[in-house]
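A.B. asks: Going down the list, the protein sequences come from chains A and B. Residue numbers are given in this note's numbering: position 174 of the first sequence equals residue 174, and the series is strictly consecutive. Residue numbers are given in this note's numbering: position 141 of the second sequence equals residue 141, and the series is strictly consecutive.
No lab work stands behind these hints: they were computed from the structure. All C-beta atoms in this analysis are idealised placements derived from N, C-alpha and C, irrespective of residue type, glycine included. Mixed in with the good hints, there may be bad ones.
Incomplete in silico selection of chain A near chain B, CB under 8 Å [unchecked claim]: (1) Ile11; (2) Leu30; (3) Asn32; (4) Val63; (5) Gly66; (6) Pro69; (7) Ala72; (8) Val84; (9) Thr272; (10) Ala275; (11) Lys344; (12) Trp348.
Listed next, the in silico SDA-like pairs over lysine to any residue satisfying Cα-Cα at most 25 Å (straight line) [what the hints assert, rightly or not]: (13) Lys243/B / Gly345/A; (14) Lys399/B / Asn85/A; (15) Lys37/A / Pro362/B.
2 protein chains.
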Amino acid sequence: MDISLELIKSISRSSPTKIVLLVIDGLGGLPNPQTGKTELETANTPNLDQLATKGICGLIDPVSPGITPGSAPAHLALFGYNPVNFNIGRGVLEAIGIDFDLEPGDIAARGNFCTVDETGSVTDRRAGRISTQKCTELCQLLDGLVIDEAKLFVRPVRGHRFVAVFRGDELASEVSDSDPQQTGVSPKTITAVSPEAERMAGIANQFVAQAKMTLVEHYPANMVLLRGFSRRPYFPTMGEVFKLKPAAIASYPMYRGLAKLVGMEVLDTGTTIEAEFNTLKQNYTNYDFFFLHIKETDTAGEDGDFDRKVRIIEEVDNALPRLISIEPDVIVVSGDHSTPALLKGHSWHPVPIVLYSKWCRPDRVSEFSESACVFGGLGRFPATQVMTLAMANALKLNKFGA
Amino acid sequence: MDISLELIKSISRSSPTKIVLLVIDGLGGLPNPQTGKTELETANTPNLDQLATKGICGLIDPVSPGITPGSAPAHLALFGYNPVNFNIGRGVLEAIGIDFDLEPGDIAARGNFCTVDETGSVTDRRAGRISTQKCTELCQLLDGLVIDEAKLFVRPVRGHRFVAVFRGDELASEVSDSDPQQTGVSPKTITAVSPEAERMAGIANQFVAQAKMTLVEHYPANMVLLRGFSRRPYFPTMGEVFKLKPAAIASYPMYRGLAKLVGMEVLDTGTTIEAEFNTLKQNYTNYDFFFLHIKETDTAGEDGDFDRKVRIIEEVDNALPRLISIEPDVIVVSGDHSTPALLKGHSWHPVPIVLYSKWCRPDRVSEFSESACVFGGLGRFPATQVMTLAMANALKLNKFGA
Chain A
1 MDISLELIKS
11 ISRSSPTKIV
21 LLVIDGLGGL
31 PNPQTGKTEL
41 ETANTPNLDQ
51 LATKGICGLI
61 DPVSPGITPG
71 SAPAHLALFG
81 YNPVNFNIGR
91 GVLEAIGIDF
101 DLEPGDIAAR
111 GNFCTVDETG
121 SVTDRRAGRI
131 STQKCTELCQ
141 LLDGLVIDEA
151 KLFVRPVRGH
161 RFVAVFRGDE
171 LASEVSDSDP
181 QQTGVSPKTI
191 TAVSPEAERM
201 AGIANQFVAQ
211 AKMTLVEHYP
221 ANMVLLRGFS
231 RRPYFPTMGE
241 VFKLKPAAIA
251 SYPMYRGLAK
261 LVGMEVLDTG
271 TTIEAEFNTL
281 KQNYTNYDFF
291 FLHIKETDTA
301 GEDGDFDRKV
311 RIIEEVDNAL
321 PRLISIEPDV
331 IVVSGDHSTP
341 ALLKGHSWHP
351 VPIVLYSKWC
361 RPDRVSEFSE
371 SACVFGGLGR
381 FPATQVMTLA
391 MANALKLNKF
401 GA
Chain B
1 MDISLELIKS
11 ISRSSPTKIV
21 LLVIDGLGGL
31 PNPQTGKTEL
41 ETANTPNLDQ
51 LATKGICGLI
61 DPVSPGITPG
71 SAPAHLALFG
81 YNPVNFNIGR
91 GVLEAIGIDF
101 DLEPGDIAAR
111 GNFCTVDETG
121 SVTDRRAGRI
131 STQKCTELCQ
141 LLDGLVIDEA
151 KLFVRPVRGH
161 RFVAVFRGDE
171 LASEVSDSDP
181 QQTGVSPKTI
191 TAVSPEAERM
201 AGIANQFVAQ
211 AKMTLVEHYP
221 ANMVLLRGFS
231 RRPYFPTMGE
241 VFKLKPAAIA
251 SYPMYRGLAK
261 LVGMEVLDTG
271 TTIEAEFNTL
281 KQNYTNYDFF
291 FLHIKETDTA
301 GEDGDFDRKV
311 RIIEEVDNAL
321 PRLISIEPDV
331 IVVSGDHSTP
341 ALLKGHSWHP
351 VPIVLYSKWC
361 RPDRVSEFSE
371 SACVFGGLGR
381 FPATQVMTLA
391 MANALKLNKF
401 GA
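The task is simple: from the sequences and hints, build the whole structure.
C.D. replies: Below, the structure written as structure tokens:
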């Protein structure tokens, strides 16, 4: 059973205690068939093991047992928001992924540059996978258009991918895609799915027509496809729900964007693990909650590079004393999901978690690993409950009922 | 948190991998006071123990901790359907129990032959527990009646119990019982609880009146009582939800009926454990999901026969290599609920489960038993999540969210 945000809001209180949530992206793994040990079990992690000894361990399910989550739902769960209730549309997710500051009424769509033949049929949905540089140049040609009083932002993502954001009055997101999801046919006309979305559909179709004219000489990227029109969902902020003043330290735009969605302040930081830990230290007095995100473990897992994932875990372990030395009242170390090198992608396997506080009730686990966390005092539980637990350990929750 | 079937449907995909779900009915037990060991712990089960060693173990709750389930809700949960949301009426359950093919509009009621005195008062609600043979003869007298254009099917269950199925246009199930649930009073008139059920109530009362005339010379079975009028609930099929081509191997009609309800194809099989495993082997290429049901463990438990339950578990273990040798991608072995011989009935105790796949992340459990599964990597979780987990391990689920 998930405790509702309303309930948490009714019992949360502000206090001087501080919480640090260290998210090692894609932390969980699968055993190497040669050794029988996972990436985390292979890594030499004396500091994480000491934290496990002093703290309490367990395993978390990002969404539900068996469900492999994307990065967005997995992080929302860690922040305390049930990702099944708070669904983020494809277009919005792409905008977040490039750290685009979406305003409340904005409609975002995911875009592809594509190739069409002389009859208008799509011959390549990815325009021969043009370079990010080429994509950036083409986006500049389309960026800043004003159609029927709506302003357009067209921003590159990577390769053939871009984001189109429509800003204006009375725009609705309930429109169909222009992307036919196959070749040999023309891009579809965008249609309104609800009556309120007629204006949006009209503007989107005008944009596509203008883009076609602008791109006519830019073969193979001579047309655009749009899909996943969506509006930023409403999130009660972490300030409202948890009465925290939260800050995010993340070098990847997607995670900065997600943190902003739930009302965290995003701190400037460098791209190394060391830089991120330094940012924490420098800003420590100004906030009472820190989300610190390590990306490279997930990337190594996605690449199927078992050894690199091991090394990055060891790097994180190596940096950990800096975090411990500033003595946060609550330290939580976990991952958003598993990314076993063997599967070369996200997976459904539950993720090890360790929580340390003066009040954590330590268990007998003395090793931070998938196998050992099975025996942890926290048991196996939904990731959406991590924030409640951290808040409790920071003595930031009042009693429920009398 | 239970993931909805809609969500699973949106991420499930068809693939060549195969899942076998072996359900040992009433598997869980309680320790023999003499030895301190449960039925499963007493049994010599080298093959199950090896599966536990290679796989990942845990304990499942069929409905919720402390709830003792009937066979229908316990199986629905294992098939992924929350039994609290999918309630099967008493009449329908009896029809399923005799493998009666209910059509969508059919209304089924559970029937008792009973004894009434000359004033019409019920003197024995079970007609002196007549034999199944006598019940069968009496049902033949009533079967096939047509009342107000509705056709009646009257079929024996066991002893004094029978099923009455009403087939016709515009029949509704919202009618009261005729069974007064006590002696010394007359059977009740069946009344419509909703306006749409007036026709059904009229037909049911006519049936009771005709049955009374037909049975007048058949003391002690000289009257009928009806209760639990219900219609087959709508189930999205396992094909729709999980995109599986599922088959059921079960020698008892109730389980075949439940499997049909969720869209499994029911395979012809014999009554022995050996016959069931042979059926699996023979049909292995034609399906990608197999539900294989072993009934006798539950029967032994219900009979309070600890030793017989031990022997049957050993028989299943003995047959297991046949299943393992066909190398399904995912093997799940569990029970629908516990049936401790000490309690002579179903119980609320969580049920051991072992899951094996190439991607299962093995734990440290090396013995398939109630005590050892407590330390399993799957932890304790709701039975409704077994299918999601099996699907994940078969790599049949796409990522949730981006």
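A.B. asks: Under 8 Å is the threshold here; is the Cβ of leucine 30/A close enough to any Cβ of chain B for the hint to stand?
C.D. replies: Where the cut-off is 8 Å and the nearest Cβ of chain B is about 6 Å from leucine 30/A, the hint holds.
A.B. asks: With a cut-off of 8 Å on the beta carbons, see whether threonine 272/A makes it to chain B.
C.D. replies: 26 Å, violated
A.B. asks: Let's test the interface hint: is any C-beta of chain B closer than 8 Å to that of asparagine 32/A?
C.D. replies: 12 Å, violated
A.B. asks: Interface hint check: valine 63/A, Cβ to nearest Cβ on chain B, cutoff 8 Å. Holds or violated?
C.D. replies: Hint holds; valine 63/A Cβ to chain B Cβ min 6 Å, cut 8 Å.
A.B. asks: What's the verdict on lysine 399/B and asparagine 85/A, does the C-alpha distance respect the 25 Å limit or exceed it?
C.D. replies: 17 Å, holds
A.B. asks: How about valine 84/A: closest beta carbon in chain B under 8 Å, or not?
C.D. replies: This hint holds: valine 84/A lies near chain B, its Cβ roughly 7 Å from the closest one there, short of 8 Å.
A.B. asks: Against chain B, run the beta carbon of alanine 275/A and see if the smallest gap drops under 8 Å.
C.D. replies: 27 Å, violated
A.B. asks: Close enough to count: is the Cβ of lysine 344/A nearer than 8 Å to one in chain B?
C.D. replies: Since chain B brings no Cβ nearer than about 12 Å to lysine 344/A, farther than 8 Å, the hint is violated.
A.B. asks: Is lysine 37/A within 25 Å of proline 362/B, Cα to Cα?
C.D. replies: Judged against 25 Å, a Cα distance of about 10 Å means the pair holds.
A.B. asks: Hint check: is the beta carbon of glycine 66/A less than 8 Å from a beta carbon of chain B?
C.D. replies: Holds: closest Cβ of chain B sits about 3 Å from glycine 66/A, inside 8 Å.
A.B. asks: Can proline 69/A be said to touch chain B, with a Cβ gap under 8 Å?
C.D. replies: Since chain B brings a Cβ to about 5 Å from proline 69/A, closer than 8 Å, the hint holds.
A.B. asks: Any CB of chain B closer than 8 Å to the CB of tryptophan 348/A?
C.D. replies: 4 Å, holds
Hints 1, 3, 9, 10, 11, counting from the list given before, are not met by this structure.
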